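Participant: This is what each chain is made of:
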Amino acid sequence: MADGDVHRIKLRAQTLEELRAFLDGSGFDLGCRPVVHREGNEFVVEVYAPLPEVDRLRSARSVSGVDVTVVENASEVGRNRQAEVGSGNRFAARQALRGLGIKE
Amino acid sequence: MAYLNVDEIEVAIETLARAHPSVTELIQLPNATSEGRHSHALRIGPPDAPGLDAVVITGGMHAREWVPPDALVNLAADLLEAHAGGTGLRYGGQRFSADDIRSVVGGMQLVLFPCVNPDGRHHSQTSSDAMWRKNRRRVDPNLGPRCVGVDINRNFNVLWDFRRHFAADSGVSASTDPCDLQVYVGPAAESEAETRNVVALLDRYPGTRWFADVHSHVPAIFYNWGFDENQTTDPSMNFLNDEFDGLRGRVDRAYREFIPEDDLRTLKELGGRMNDAVTAASGAGYELAQSFALYPTSGVSDDYAYSRHFVDNRRNKILSFTIECGRSFQPSWADAENVIREVCAGLIALCVATRARAIGPAADARVG
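Top to bottom, those sequences are chains R and A.
According to numbering that gives the first Met the number 0, numbering within the first sequence proceeds without interruption in unit steps and concludes at 103.
According to numbering that gives the first Met the number 0, numbering within the second sequence proceeds without interruption in unit steps and concludes at 367.
Worth flagging that the hints you see were computed from the coordinates, not collected in a lab.
It should be emphasised that the depicted structure is a prediction, and the values quoted were computed from it without experimental measurement.
Note that the Cβ used here is the ideal one computed from N, Cα and C, for glycine as well.
Careful, some of the hints might be misleading.
Here are a few chain A residues that face chain R, going by a calculated C-beta distance under 7 Å [stated by the list, open to error]:
id	residue
1	Asn4
2	Ala81
3	Leu88
4	Gly92
5	Ser96
6	Gln289
7	Leu293
Distance ranges between label pairs, derived from CB positions [stated by the list, open to error]:
id	chain 1	residue 1	chain 2	residue 2	range
8	R	Ala91	A	Thr125	16 to 22 Å
9	A	Ser126	R	Ser25	49 to 55 Å
10	A	Ala83	R	Ser25	48 to 54 Å
11	A	Pro186	R	Ser25	22 to 28 Å
12	R	Glu103	A	Pro140	53 to 59 Å
13	R	Val70	A	Glu242	30 to 36 Å
14	A	Ala97	R	Ser25	49 to 55 Å
15	R	Asn88	A	Asn156	24 to 30 Å
16	R	Gln94	A	Ala253	57 to 63 Å
17	A	Arg326	R	Ser25	38 to 44 Å
18	R	Ser25	A	Pro144	20 to 26 Å
19	R	Pro51	A	Pro29	25 to 31 Å
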């Protein structure tokens, strides 16, 4: 893990208001778009933050009623995935890419 | 296979255009990026003609979201191969007939801009900072290397000046701090070459009636608006009315954004068609919802595209979606392939539904 690595963190609460109260003014990276979804009876949002920020979240948990779960080190996952990016130019010979759909 | 790098995206669509010259056109976007890259879009369908409907689909606006550009290149390859071979297309349990493919490729203009932000993608795919989101322009040369880049999807000219238009306590997802790593809105609306390229594409295709911007991840299909909760009864309560500046985006319902009822119904129906196809392709559907949820957004692409008609009613109305595909920014390539199938199925379903003419934007609905 490198300094400043960003972790993917799942926040759960019983109400939208609890989540807002927890997040308001935090400046957290809320992913692509600041959206919330339902899982069962809970409201869930994902944020991306360095571990020191996670610790701050955890200390705040006792007063907010928000459950905090660290899912993964997103920065590390991304760096590992770079091995799955094409190198050079696989289409330099001008051979057309074929899509994944089945033609039938 | 593996994820496409930015050079491969360019050559892939160029090669598709060369292989299918009668039904494609390679379009060079007018603005080079800060690192000197020239981006291209691919038109699939007949040459420009009055009255021809267009669907514009963008991807790769956020650098760390690796799947959308690959999905759009795959979509182009699939449609063109199926059309040339006179076949249908199948993704999992979602089938499109040969007639469906002909109706899309032969009867409308499908304009794909797979990678809006190539500088950012290159940085995310090659540097230690795979979570990079913005473009790579150094707006203020006096600031350090972390204070680089603008969030393209906060830079469009719709309620861009969020401090004026939204309530101070709205929590709007935007920042005027160039060192904000995520949602810096830039020094001015449309300040970024990447943003202006998307605008130029919409200007070039005045027949555009539908727009989809593919992002990741939730997964979800979102429809307009992202400013505040939708309402269909008070046309005066709209984004152009400065009487409501400072009130937008709160949860207290002092302000809610007007959307014509016909548009809302159509958005939900088209979104439902996309989601049905996604579900058939992969077995699991996406959430279908208005894009305003936890906090409001300003200056985003889908609301910009839809707003153009309300700003100038000589322009076509463009019903718009943001598709938040998949369940992570950078899934393994094996998982990414499944997401690509979902996206392709959903977007072809959108095109087929619009071609059926049963569904279209309301002819006219103005805000005062």
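Participant: Return the numbers of the hints above that this structure violates; sort them in rising order.
Facilitator: Violated hints (numbers, rising): 4, 5, 6, 9, 13, 15, 17, 19; every other hint is consistent with the structure.
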